[in-house]
Amino acid sequence: MNANTPLLEINNLNLSIHGTSILGDVSLQVEVGSVLGIIGESGSGKSMTALSIMQLLPLGSEVTGTIRFNGQLLTGMDESALCDIRGNDIGMVFQEPMTALNPVQNIGEQVAECIALHKPITSKQALIEAAAVLEKVGLPNDEFPLSRYPHELSGGQRQRVVIAIAVALEPKLLIADEPTTALDVTTQAEILELLKSLVEGSNMAMILITHDLAVVSEVADHIVIMRNGKVLDRGPTDAVFNELAHPYTRALYEASSHTPQRNTTHRPDVPLVRLDKLVCEYPLPRKSLFGARRWFRAVSEVSLSVYAGESVGLVGESGCGKSTLAKALLGLSPVQGGSIELRGKPIHTDMVLSRQIRREMQVVFQDPYSSFNPRHRVARLVSEPLFLLDNPPSRDERSSLIRSTLKSVGLSEEDSNKYIHEFSGGQRQRIAIARALIIKPALIVLDEAVSALDVSVRAQVLDLLASLADTHKLAYLFISHDLSVVRSITDRVLVMKDGQIVERRDTESLFTKPQHEYTKKLLAAAPQLPQSAALPIQT
Amino acid sequence: MLHYIFKRTLILLATLIVASLVVFVSLEIVPGDPASYMLGLNAQEDTIAALRAELGLDKSKVARYFSWVGGLFTGDFGTSYTYRTPVADMVRDRMWVSLPLAIYALALSTLIAFPAGVYAASRRGGAGDTTVMGLTQLGVAVPNFWFAMLLVLLFAIKLRWFSAGGFPGWDAGFFQAMKSLTLPAIALALPQASILTRVMRSSLLDVLNEDFMRTARAKGLSRRQALWKHALRNAMIPVLTIMGLQFSFLLAGAIIIENVFYLPGLGRLIFQSIASRDLIVVESVVMLLVLAVVLVTFVVDLAYAWVDPRLRGTR
Amino acid sequence: MKLRSLVPGAVLVLLFFSAALISYVWTPFDVTLIDIKSRFQSPDTTHWLGTDHFGRDLLSMLMVGARTSIFVAIVAVGIGMLVGVPLGLAAAANSGNLLDEAIMRTNDMVFAFPALLIAILITASYGPGALNAIIAIGIFNIPVFARLSRAAALSIWKRDFVLAARAAGKNAVRISFEHILPNITNLLIVQGTIQFSLGILAEAGLSFVGLGAQPPIPSWGRMLADSQTLIMLEPQLALIPGLAIVLTVLGLNLLGDGLRDWLDPRLRRER
Numbered sequence: 068m069n070a071n072t073p074l075l076e077i078n079n080l081n082l083s084i085h086g087t088s089i090l091g092d093v094s095l096q097v098e099v100g101s102v103l104g105i106i107g108e109s110g111s112g113k114s115m116t117a118l119s120i121m122q123l124l125p126l127g128s129e130v131t132g133t134i135r136f137n138g139q140l141l142t143g144m145d146e147s148a149l150c151d152i153r154g155n156d157i158g159m160v161f162q163e164p165m166t167a168l169n170p171v172q173n174i175g176e177q178v179a180e181c182i183a184l185h186k187p188i189t190s191k192q193a194l195i196e197a198a199a200v201l202e203k204v205g206l207p208n209d210e211f212p213l214s215r216y217p218h219e220l221s222g223g224q225r226q227r228v229v230i231a232i233a234v235a236l237e238p239k240l241l242i243a244d245e246p247t248t249a250l251d252v253t254t255q256a257e258i259l260e261l262l263k264s265l266v267e268g269s270n271m272a273m274i275l276i277t278h279d280l281a282v283v284s285e286v287a288d289h290i291v292i293m294r295n296g297k298v299l300d301r302g303p304t305d306a307v308f309n310e311l312a313h314p315y316t317r318a319l320y321e322a323s324s325h326t327p328q329r330n331t332t333h334r335p336d337v338p339l340v341r342l343d344k345l346v347c348e349y350p351l352p353r354k355s356l357f358g359a360r361r362w363f364r365a366v367s368e369v370s371l372s373v374y375a376g377e378s379v380g381l382v383g384e385s386g387c388g389k390s391t392l393a394k395a396l397l398g399l400s401p402v403q404g405g406s407i408e409l410r411g412k413p414i415h416t417d418m419v420l421s422r423q424i425r426r427e428m429q430v431v432f433q434d435p436y437s438s439f440n441p442r443h444r445v446a447r448l449v450s451e452p453l454f455l456l457d458n459p460p461s462r463d464e465r466s467s468l469i470r471s472t473l474k475s476v477g478l479s480e481e482d483s484n485k486y487i488h489e490f491s492g493g494q495r496q497r498i499a500i501a502r503a504l505i506i507k508p509a510l511i512v513l514d515e516a517v518s519a520l521d522v523s524v525r526a527q528v529l530d531l532l533a534s535l536a537d538t539h540k541l542a543y544l545f546i547s548h549d550l551s552v553v554r555s556i557t558d559r560v561l562v563m564k565d566g567q568i569v570e571r572r573d574t575e576s577l578f579t580k581p582q583h584e585y586t587k588k589l590l591a592a593a594p595q596l597p598q599s600a601a602l603p604i605q606t
Numbered sequence: 015m016l017h018y019i020f021k022r023t024l025i026l027l028a029t030l031i032v033a034s035l036v037v038f039v040s041l042e043i044v045p046g047d048p049a050s051y052m053l054g055l056n057a058q059e060d061t062i063a064a065l066r067a068e069l070g071l072d073k074s075k076v077a078r079y080f081s082w083v084g085g086l087f088t089g090d091f092g093t094s095y096t097y098r099t100p101v102a103d104m105v106r107d108r109m110w111v112s113l114p115l116a117i118y119a120l121a122l123s124t125l126i127a128f129p130a131g132v133y134a135a136s137r138r139g140g141a142g143d144t145t146v147m148g149l150t151q152l153g154v155a156v157p158n159f160w161f162a163m164l165l166v167l168l169f170a171i172k173l174r175w176f177s178a179g180g181f182p183g184w185d186a187g188f189f190q191a192m193k194s195l196t197l198p199a200i201a202l203a204l205p206q207a208s209i210l211t212r213v214m215r216s217s218l219l220d221v222l223n224e225d226f227m228r229t230a231r232a233k234g235l236s237r238r239q240a241l242w243k244h245a246l247r248n249a250m251i252p253v254l255t256i257m258g259l260q261f262s263f264l265l266a267g268a269i270i271i272e273n274v275f276y277l278p279g280l281g282r283l284i285f286q287s288i289a290s291r292d293l294i295v296v297e298s299v300v301m302l303l304v305l306a307v308v309l310v311t312f313v314v315d316l317a318y319a320w321v322d323p324r325l326r327g328t329r
Numbered sequence: 099m100k101l102r103s104l105v106p107g108a109v110l111v112l113l114f115f116s117a118a119l120i121s122y123v124w125t126p127f128d129v130t131l132i133d134i135k136s137r138f139q140s141p142d143t144t145h146w147l148g149t150d151h152f153g154r155d156l157l158s159m160l161m162v163g164a165r166t167s168i169f170v171a172i173v174a175v176g177i178g179m180l181v182g183v184p185l186g187l188a189a190a191a192n193s194g195n196l197l198d199e200a201i202m203r204t205n206d207m208v209f210a211f212p213a214l215l216i217a218i219l220i221t222a223s224y225g226p227g228a229l230n231a232i233i234a235i236g237i238f239n240i241p242v243f244a245r246l247s248r249a250a251a252l253s254i255w256k257r258d259f260v261l262a263a264r265a266a267g268k269n270a271v272r273i274s275f276e277h278i279l280p281n282i283t284n285l286l287i288v289q290g291t292i293q294f295s296l297g298i299l300a301e302a303g304l305s306f307v308g309l310g311a312q313p314p315i316p317s318w319g320r321m322l323a324d325s326q327t328l329i330m331l332e333p334q335l336a337l338i339p340g341l342a343i344v345l346t347v348l349g350l351n352l353l354g355d356g357l358r359d360w361l362d363p364r365l366r367r368e369r
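Protein sequence lines correspond, in order, to chains A, B and C. Per the working numbering, the first sequence runs over residues 68 to 606. Per the working numbering, the second sequence runs over residues 15 to 329. Per the working numbering, the third sequence runs over residues 99 to 369.
None of these hints come from the bench; they were simulated from the model.
Some chain B residues flagged as far from chain C (calculated, every beta-carbon gap over 10 angstroms): (1) Tyr18; (2) Ile19; (3) Phe20; (4) Ala57; (5) Ala63; (6) Lys75; (7) Gly92; (8) Thr96; (9) Met109; (10) Leu113; (11) Pro129; (12) Tyr133; (13) Trp175; (14) Phe189; (15) Arg324; (16) Leu325.
A partial selection of chain A residues facing chain C, derived with a Cβ cut-off under 8 angstroms: (17) Leu397; (18) Arg425; (19) Phe439; (20) Asn440; (21) Glu451.
Remember, predicted model here, so these are calculated numbers, not experimental data. Backbone N, C-alpha and C define an ideal beta-carbon position, used for all residues, glycine too.
Kindly generate the complete structure, drawing on both the sequences and the hints.
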């Protein structure tokens, strides 16, 4: 192997699992010390490609094609030789940091195990080396002793441990499969920085798999775009984004930078919803035997207003209290202090909201897979809020209402008889919007409603939301951790941290001239989509 | 961790107190007048009165309860009505038959089930797995006392490897005593081992699907290494629950099976006492059995915290 | 292993259920009739399974015994479900509250009393009988179903569609019926068959030691107890009732496994 041979070469890789084709004729290369980004939406086969390199495919997999690494042929290699390579020459980081670590072993043992597996050293020596690696990934030993257990660490910290395991033996190749998707914006920035420094520090090559174009543009030298198990576009990062040669690449780029058309509304004088010094607290589990019960303040004296017809964004990282705030507003979570007013009239603060009040506010949740009762048909699911009406509609009125609501979200009448498992994620969110819309509320709370959707589907749903707001004069409270989405669909933004609103401005001013330190930090951490000569976007 | 132990101890004590109330109420309050109940329909008035005085039934219910519980603490379980001997003596000898039998059966069942469950899980879907599943499916359907009878028929009567029943006592030597407990223990262990094998297998299969197993393989561990070093300990957690529950079933089973093997354990004592309406004996033996079950549950709860650091609380 | 267990299981269960039901209207011979002349006969055309030590026809005894076992087990499971499931649902709906703690602690306490001990307590006060067996096994089934329902319900309460129902103004009771219960029904059906089979084993054990149905009502457990002393000479008296128990329990377990696999994949398709 000479200096010009790629470190990793995949040629004509075909994968099928139990007869279903997953990957079709995939070819790609990674040079020594370079970063390759693999982009794709769900179902594109990007994770399977990574698992194929590691030869960790599930049972029933059939593979043809070749994978050559460091001069050796990985496909067809026997298992014990592969075990020598895994963890040693190739390291892998997975998507879900919360479940990636063995819950009953401490972090020192888990890192040391990888080291001791490939190096002929004593376990004591392995622990010392493990400590050094943990320091390197940003978990200093004095704060994070080796005896810590995974459940005592946050998501970002756990991901650092996983990275420590992957890079402990200075592998030639690091495969990172959506390593930051489950993390906060600021944590994501930190982890990406860490990965970049590790790559540069030891001339390690990296494959970064993600669905986020902005993330990949900041890290990768080359990118490969996949869809439905096939490679559609490839090239150096700058060139690909600049030219947007392939229609799918172009579509992805457009969707990522999509801003729906919205009409500006005239703001009425009286707010629709007003929160005044709202306080929400949770009791914490008792740590000591007889100590006083401690409380965690999730929402700390928050005051805000939402006017009819406007779209307000609420951004913050996980744990800042935004979801608690939303639930308190909807009467789904107890309130310990302050007040909530709807059209000037106070709402009871003990979760017993009257039906009139509930009628005015509805909600769309994040996870399209748990938002619906799997045993009910769509008609029943969508019409659940009709329970709030004093005069429930007759059967005919009901069906026509269901029909028209489904139509307004882009679905058809036949869909009302189906079960929810027959629909995709994007379609389910449409059904969720239909459910929120059916009693014609004044306000819809969207709690991370598009966060779980693929980028192209997300753009369509945002368009739908924008047009519905115009047609029905809806107000939105748009909760998200994704700043670019918030920017595209809101009039005003509130930034939340540790239970408090730290900045509130109209959207454009917030993004162009942020004032609070935390806002600046958030905006700096958010990855930016590069400008493209083929499709200029406004900043 | 301390908080956890404290809470479990409180629950242990509370359960014992409630159990004692239940036992007391069922046996001393419910029959109405225990004395006339014990003596039967044809008893004379003055005999009943004498017995009532002897049993202290002239005192109030509350006082009787406390004197009974107090007695339990000091080891005075009362005097058997039928045999006129202290219940404590009768119970002590027999306890040393029933409890070792239950523990022997638990040990056998664990020794069979763990390897079988691991084997079946590691050969999932294959011939080995199907065989184990088939055998355990039969094993759980077999009543342990019937299996005991079959064992006696085969091993004691036809083959003469074991005696058909009886217990020579621990004085006759550890090995001899254990030999006479072996057939009963096997009979008890069979259905429990079958259940435990299935639980072990399914728990292991669940764990093998978890994300951290993928991380383990990515480190370079082989399938086998990953199973032993990572999967097993996590799979133990639900298995421990079942083992704790099993002890109570084993104890109940031991009591029934003593009939088949003519073992002088708590089982025969309790059934004879029911037949002869000796409530004093029944009370104490039931309480003792409940105590054994509750203690084992407590130990299992502590074992949880040892196996699963998440239960020890965060620092 | 999947659907292959559903059919044999169902067949076995149907066989014994039918035998039990038919015995209400007809048995080959009268089980209360003692006919010493005909005792210990081997299976032949008159007595398909032979006779016992009292000359009673074994097949008839089995059929009526089936009735006893099944009846006791069904009612016991019924008690367990009818009391246990609402308790479990209530505990889950009030998770963390005093009610939840109270129900769970009570559960733990009942678990401290194996069904046998409860039967002993009842029998010591009221005397033996099938009713005692039903109550004892039934009481023990209650915490089993309560614990199962609570655990299953808790995981469903966390799901967003329950939040959506609350946003639609529905209260905990309504949600428990409309949303929670339909989603745990499959689990309950499967557990119900398992508890049923355990109930049959428990009833046999209680009858074996004389705490279950009393003579002259036949029960499989007592048939085994009676055969104990004769096992050397007439082993079939022990083998036949024992096999009946094994086959019934096996059938129920196979049915339960088959039901679990048959019901689950339908729901799994949602992902």
